[in-house]
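A.B. asks: Spelled out from the first residue to the last, the chains are:
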Amino acid sequence: MMIVVLQSSASLMSVIGAPIVIIGGLGLIFGLILAIASKVFEVKLDPRVEQIIAALPGANCGACGKAGCAGYADAIVHEGADICACAPGGPAAAALIAKIMGKEAGAMDRKVAVIHCSSGGHNNTKWKYAYQGIESCKSAVNIADGPNLCTWGCVGFNDCYNACVFDAISIDDQGLRHIDPDKCTACGACVTACPRKLIMLIPQNQHVHILCSSKAKNPLAKQLCGTEKPCIGCGLCSRKCPVQAITVENNLARIDYSKCIDCGLCATVCPTKAIGDIKAGKRKKAEIVAEKCIGCTICAKICPTKAISGELKQTHVVDKDACIGCEQCVAKCPKKAIELV
Amino acid sequence: MGYIGELFVMAMTAIFIQNFVLSRFLGLCPYLGVSKKLDSAFGMGMAVIFVMTLASAFTFLIYKYLLIPYNMIYLQTIAFILTIAALVQFVEMVIQKNAPALYKSLGVYLPLITTNCAVLGVAILNTKAIRTDGITAYNFLDAVLNGFFSGVGFTFVLLAMAGIRERLEFVDMPKSMRGMPIGLILAGIMALAFYGFMGFKI
Amino acid sequence: MKYYIKLSLILLIFCAVASGILAYVNSLTEPVIKDRKAKEEVATRSELIPDADFMEGKMADGTAYFVATSKATGDTLGYTFIAAKTGYSSKVQTMVGVDKNMTVLKIKVIDQAETPGLGANCTQDWFLKQFENRQATDLVVDKDGGTVKSMAGATITTRCIATSIAEQIAMLKVAIGGAE
Amino acid sequence: MSFVKELSKGIIKENPIFVIVLGMCPTLAVTSSVQNGIGMGLAATFVLICSNIIISLIKNITPEKIRIPIYITVIAAFVSIVDMAMAAYVPGLHKSLGLFIPLIVVNCIILGRAEAFASKNNMLASLADGIGMGLGFTLSLVVVAAIREILGAGTFAGIAVMPKTYEPMLVAILAPGAFITLGFLMALMNMMKEKK
Amino acid sequence: MKDKYIVSSAPHVHDKTTIPMVMWNVVIALIPALVFAVYYWGLRALVLTLLGAISAVVTEAAIQKLRKVPVSVSDGSAFLTGLLLAYNIHAGAPLWLPIAGSVFAIAIGKQVFGGLGTNPVNPALLGRAFLLASWPTLMTAGWVKPRTGTLSGISNVDDIALNLQSVSPKAYELVTGATPLKVVQSLRDSSFVASINSSATEGVDIANRIFTNITEMNSLKNLFWGNIGGCIGEVSAFALLLGAAYLLYKNIIEWRIPLFYVGTVFVLSFLFGPIKGSGYSMMLPFFHIFSGGLMLGAFFMATDYTTTPLTKNGRIVFAIGCGLLTMVIRLVGGYPEGVSYSILFMNVMTPLIDKFTVPKAFGRIKK
Amino acid sequence: MRLRTFPGGVHPHDEKHYSASSPITLAPLPAKVTIHVSQHIGSPSSPVVAVGDEVKTGQLIAEASGFVSLNQHASISGKVTAIDRFPHPCGTSSLAIQITGDGEDKWVELADEADYMNLSANEMKSRIAAAGICGMGGAGFPTNVKLSPPEDKPIDTVILNGVECEPFLTSDYRLMMEHADEIISGLKLIMKTVNARQGIIGIEANKPDAIALMEKKLKGEANLEVVGLKLRYPQGAEKQLIYAATRRKVPAGGLPMAVGVVVQNVGTAFAVYEAIRYRKPLIDRIISITGEGIKKPSNLKARIGTAFSELVEFCGGASMEIGKLISGGPMMGFALPSLDASMGKGSSGLLLFGKKAARLLDEKSCLRCARCVDVCPMNLLPSLIASAVKYKDLDKAVEAGLNDCMKCGSCSYVCPAQIRLVQWIDTGKIRYAEAQRAKK
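Chains as they are written, first to last, in the working numbering: chain A, 1 to 341; chain B, 1001 to 1202; chain C, 2001 to 2180; chain D, 3001 to 3196; chain E, 4001 to 4367; chain F, 5001 to 5440.
Treat each hint with caution, since some may be false.
[What the hints assert, rightly or not] In silico BS3-like cross-links for lysine-lysine, where the CA-CA straight-line distance does not exceed 30 Å: (1) F:5230 x E:4250; (2) E:4360 x F:5153; (3) F:5390 x E:4016; (4) B:1175 x F:5364; (5) F:5392 x B:1036; (6) F:5230 x A:126; (7) F:5153 x F:5106; (8) A:39 x D:3095; (9) F:5392 x E:4065; (10) E:4355 x F:5153; (11) B:1036 x D:3193; (12) F:5364 x E:4004; (13) B:1037 x F:5364; (14) A:197 x F:5396; (15) B:1097 x A:39; (16) B:1036 x F:5188; (17) F:5392 x B:1175; (18) A:215 x F:5079; (19) E:4004 x F:5355; (20) F:5392 x E:4355; (21) E:4004 x F:5032; (22) C:2091 x D:3095; (23) A:197 x F:5439; (24) E:4355 x F:5396; (25) B:1128 x C:2037; (26) B:1037 x E:4360; (27) E:4068 x D:3193.
What the hints contain is simulated information worked out from the structure, not anything from laboratory work.
Work out the full structure, taking the sequences as your base and the hints as a guide.
C.D. replies: Written as structure tokens, this is what we have:
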């Protein structure tokens, strides 16, 4: 038995001996060469770049201002670019990148695109002439100031729709464009696509927008606008705004979103309905829970419409008619004594 | 005909008649993957020519002076692929260090080549190929040149394909056809077009 | 340095183990392959010239041919040999049986890798049958004005088979003549 | 992930050919007949399973720098074994698959799975992945081969299936037919994906 | 909107030519060839042609319906593709052949890329290449003799025949059973020449006699009028020239491609056309120009807008490439005729040619 | 005479028969004019009058602001009634000065310099500048700027552009026929200002009588010559004209002065003559009111700033339902949304098209027929540029010649697929400019 095994193992050795030596030798030589070469020809490559590329969504949208995702990754590592610049990736990507870079993700306000014009549909535009040519806003506005009477308003050839790679812009049966804030990644493609500069990026927690860009004076503005809902620059909103967030310039009102408290008051006073309020009618009013209220008057002070009244150390009361549902008081109440109903 | 004539036949065969991609089905992954832009196709093509030539040389030497004398032809697969892998990695490192510009335009494609079956394919085919007389096996020079010409053939169709695909960027193609499907159908059309070279008597 | 040696050694071990295993497998399969090949050749030979014994001879270029002698009588029945030539995309090998007058008795393609559907059809019966009872001089393809019917779209393969047989018969004649 | 899940994903959801688009060369080259397709598929499956197992076992002892050479060595070893075994026991198939058996080494599926899956997962999962991917690969080969063989030769696995009057469309089993068939199958996959 | 003035970008005037006009004009230009074909081969030629054209139109309409895009078969491009494809089939082909070719040509040659103007290669030629690869026997066997002539175009075939039949049946069979280009291809093959006659010198002599005969005036006349074997549309050089002249007059095709294509063939066939033993002859270039599909190719296929280079220099390169390849295939290739493959191949090269022949803008200095 | 030409180009029907035979008629004094502060290439002029000011005909109302700019003058006497945005002859609206006339046409004082030919070059140029003359072919480059090349670019040739290759237009033709002497004097003056050796008047072959007249007038003038040019559009484009007349190629992106040439329109030459001799500011010009839609196609001498509607009325009004109004020629002119706009210094014509002629066919997909390539006078690949722009590949577009295009419209004219090539290229130019700005 032993002998057989020995014999067979001897013959086995003779069979596999040479191959082992030769191929093993090859392996040894290659291994050595590669190992040495990897030292001799070493080039420092930052592994973080690759990690960041993996963390990015790979849409190559260019919202960060770099040449695609790889370029952005390179810029983060080598040029110290802002890690929050990736709009499509949002905070999730920023957090991942931050981890890779060993930094904290900054608080990134999610933004959303808003169209500052209520016109643009086939039934909602007044035409200056019958346009024949390329169906692109950018091309059309160069011919006789664009085919629509209002030279500030939407041309309606859907450059923004075509520019959106996230499917966030839709067109309704009236031919009007709508932006789905959930799908919008604030990449800014539509902003640059619109030759009339009607689209702007606005913090997502804001719901009140002036849906007009017309700088025309009063009677003219109405004549030009296809939906007859232009801003006529009357200044009513500006006067009514509890926080002075609206300014009127060149017959056009604009909201300063750093001041705006999203109360929607302006939308209710606008005579031409040029201010859109997504939350209109859905705003809840404040109500003070009497048990919790300690009567600190903070809410009364903060309320822009002075709808809260009450003496110090007394339970405060909300004037339901005056309350505009801006929720300022809710955030500020130290005892969480204000509820929305 | 002479040796030059023989080489001409070899070149014609490798480039047109028995093209690696269109007729032998070798190297399809990079062919379909890196044929979207002419610039990158050119870089890839050059890298493939370079590696195929080098690999042909090395594997031929190993085959002839190591495997045959020791009667170990069954080890050719493992020996060849090891050689190619090491070679590609080595070349990549050298270029990256010594010619960063070249690396940027060509080196990025190198890792893709290790698993390009065209390289291993040409190495194996070289060991089996017979010269035009029908009897003698390839010598060292034959093998190297065959590697080179095969690479040229690969690059040639890669460039032609990239040219067409660049053009197709500017048309409204059915969405489901974009990308791989159209690449494959184009390859089929090119293969049909290359049938004209069938049966050459040079 | 130690690191590199470690790397190399690991690679060495892998290579060594792999090649060792392969060598072992090869030692098992190689005889099987050889055996099978040999058996197949014998079988093919007997198929071409039945009921015969075969005796190996060598032609001028070193390739083998076999003299077939009748098992019953011991008379020389004919010869078999392998004709090989590069066809369209591969080396096409045909085993041929000829009688004493060098008339083809039967042929069989034993190795080819021609284009499927075209050249690869050379293994079909109708194609091989037509070679029977031909002299070397008749082995001309129809496209060249001969009578060997070429396969559709595969003249080259047809031509390769026909000429390789004709050439090999010529060699055989020399070899036999030399022997005599 | 469960064993069955790993096993089944390769067949449709992550089909190596139609979805991940790996290993095109043999898919096109050997699918001129169904037998060849099955043979190639099984050979590749065997290698895939074995290499997945081994690589998942050795994943901890392979230094990063020579990871790829080692994986390739392992794969090449199995390929050679398959090569020799086929030559010995199924010589006909070995013959018609020809060059593409040694080329299994560089089939992107195998190295791809080794890199992407086996080097990160345990042995059991890798085994399941290998079987699933291998079956997916084989299945795809059979589909492509069936179309090509039926159109191009009028047969399925060698058995005549088309009416006698059918003139085989030779191009289907030639190179252009291979490309176009696979192209259309992929377009079909895309269309199905779009519909979803 | 209706009562408003139209405003558009300049220019405000437009040439009258439209795509349908171009396409249908090409169809008109192709009609003489069909008339000749019907004269020589009877109604079957017409039936095959119509089958090809109609199935192309039906395929295009069906695919466009499926894709839910506007059906645009009235522009005539699909009809033209089907017509050209049928022109590349011989009159003896089975009726389903042009249908199969047209379906392939339209579906894979054109519609998968998005339709008119997007196809990288000429769909009709692709259809032909597909048919040739799929059913080589049907495409190359069963040529039909023209009504008054012979397949090879040798007018005094009987004289030769009497002579040949006794001396060399092989040569006789060749002369009476093949198209002119096939005859020449065979005569170029030394192994065939050797097999013509048991005596080698006699064989060469017979080959030379056939060769001279086929390239002399009488045969050329047959070639010119189309009194030879061939495909439906390529047969009559005269009819095709008539159509080409119409297209040139209508400014639908441009002179560069036909001129350089035919010119290249002319030069190359003069230099390399002769077979062993025959001298140079001014007739030889004309033989090569009038035989096979060259006229059809040079004037109707290689001038296909979509698949040829945009640049003027590129078109010259393209045409020379076509001519070169045609002659290479005819003289050393595996096929007797190389027009369709050469154009197909150059179609594939077109984007590259375009890329490397971008013209220098007026006033720009080349870098 | 051998006709000269340039490579490329198209042959649109010249359609000059509408108005070619009608002599220049003086249009009635308009009741109101609106004079735009930007009628030229360069920075807009700055108004020097205020609403309510009384002005005389020829009085400066806006002055050049910057080197490349222009003086504007009142073209009638009256009161400035508005300075606001008004429709511009190129279709847009822009700042303009509106003058309501008093019907008296009181002029500022003019002169008559007997020895005007011998004034110094600088004096001539300053008079040209003062008169507010710009190129009257359409582009409107301030003439005094064009005539002041830098020292290192000596000018040896002045070419007068009497080609008028745009179909329909006949204003230059009529001017040549009726004021040949003044034009020749203008040419000589221009040659003096730039110290040029030779002067060439280029006229297209469809105006044989103008060629003959000019040749007769120039007999004996060794350094002046008339060059007959083939009927081909855009023969009158500056670079093409220079090439046809002198075989010199203006480098891409360069000005004619780079090859020692200055090109001026015949109308400009006429204005230069009047400005230098009489110190008369440019307040009127010849304009062709033509096309199938006008009752009486005419060539009018009209005051700058006259509303198009008044001119149309004077010509008998529309003869059919009008589909399109074009200010300028049909190849490069601007379609107008209404007749409210007023004519400017570059307004060579106003065309009225009927409904049928106005309609454009729908754009089809490109056939790659390369007709656009064959006709492009700049040797570009228009279809490639257009599709590159369409699929947002600006690099390719630039490679194919985006920035070399002069928008002559030849490609769009011939395109059998009716692709708006020029508009695509225009869009591309805008996108390219935007991209360049973004890069900075």
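A.B. asks: If you draw a straight line from the CA of residue 4355 of chain E to the CA of residue 5153 of chain F, is it 30 Å or shorter?
C.D. replies: violated, 37 Å
A.B. asks: Hint check: residue 5392 of chain F vs residue 1036 of chain B, CA-CA at most 30 Å. Holds or violated?
C.D. replies: holds, 16 Å
A.B. asks: Assess, step by step, whether the Cα of residue 1037 of chain B is no farther than 30 Å from the Cα of residue 4360 of chain E, and give holds or violated.
C.D. replies: holds, 23 Å
A.B. asks: Is the Cα-Cα distance between residue 5230 of chain F and residue 126 of chain A 30 Å or less?
C.D. replies: violated, 46 Å
A.B. asks: Mind checking the alpha carbons of residue 5392 of chain F and residue 1175 of chain B for me, to see if they're no more than 30 Å apart?
C.D. replies: holds, 18 Å
A.B. asks: Is it true that the CA of residue 215 of chain A sits at most 30 Å from the CA of residue 5079 of chain F?
C.D. replies: Given pair residue 215 of chain A, residue 5079 of chain F holds - Cα atoms ~28 Å apart, limit 30 Å.
A.B. asks: Quick one, are residue 5390 of chain F and residue 4016 of chain E close enough, alpha carbons at most 30 Å?
C.D. replies: holds, 25 Å
A.B. asks: Hint check: residue 4004 of chain E vs residue 5355 of chain F, CA-CA at most 30 Å. Holds or violated?
C.D. replies: Between residue 4004 of chain E and residue 5355 of chain F the Cα gap is close to 10 Å, so the pair holds against 30 Å.
A.B. asks: For residue 5392 of chain F and residue 4355 of chain E, compute the direct alpha-carbon distance and say whether it is at most 30 Å.
C.D. replies: Holds, because 19 Å separates the two Cα atoms, which is no more than 30 Å.
A.B. asks: Regarding the pair residue 5230 of chain F and residue 4250 of chain E, is the alpha-carbon distance no greater than 30 Å?
C.D. replies: holds, 21 Å
A.B. asks: Would you mind confirming whether the straight-line C-alpha gap from residue 39 of chain A to residue 3095 of chain D stays at or under 30 Å?
C.D. replies: violated, 45 Å
A.B. asks: Check whether the Cα positions of residue 1036 of chain B and residue 3193 of chain D lie no farther apart than 30 Å.
C.D. replies: holds, 23 Å
The structure fails hints 6, 7, 8, 10, 16 (numbered hints given earlier, in ascending order).
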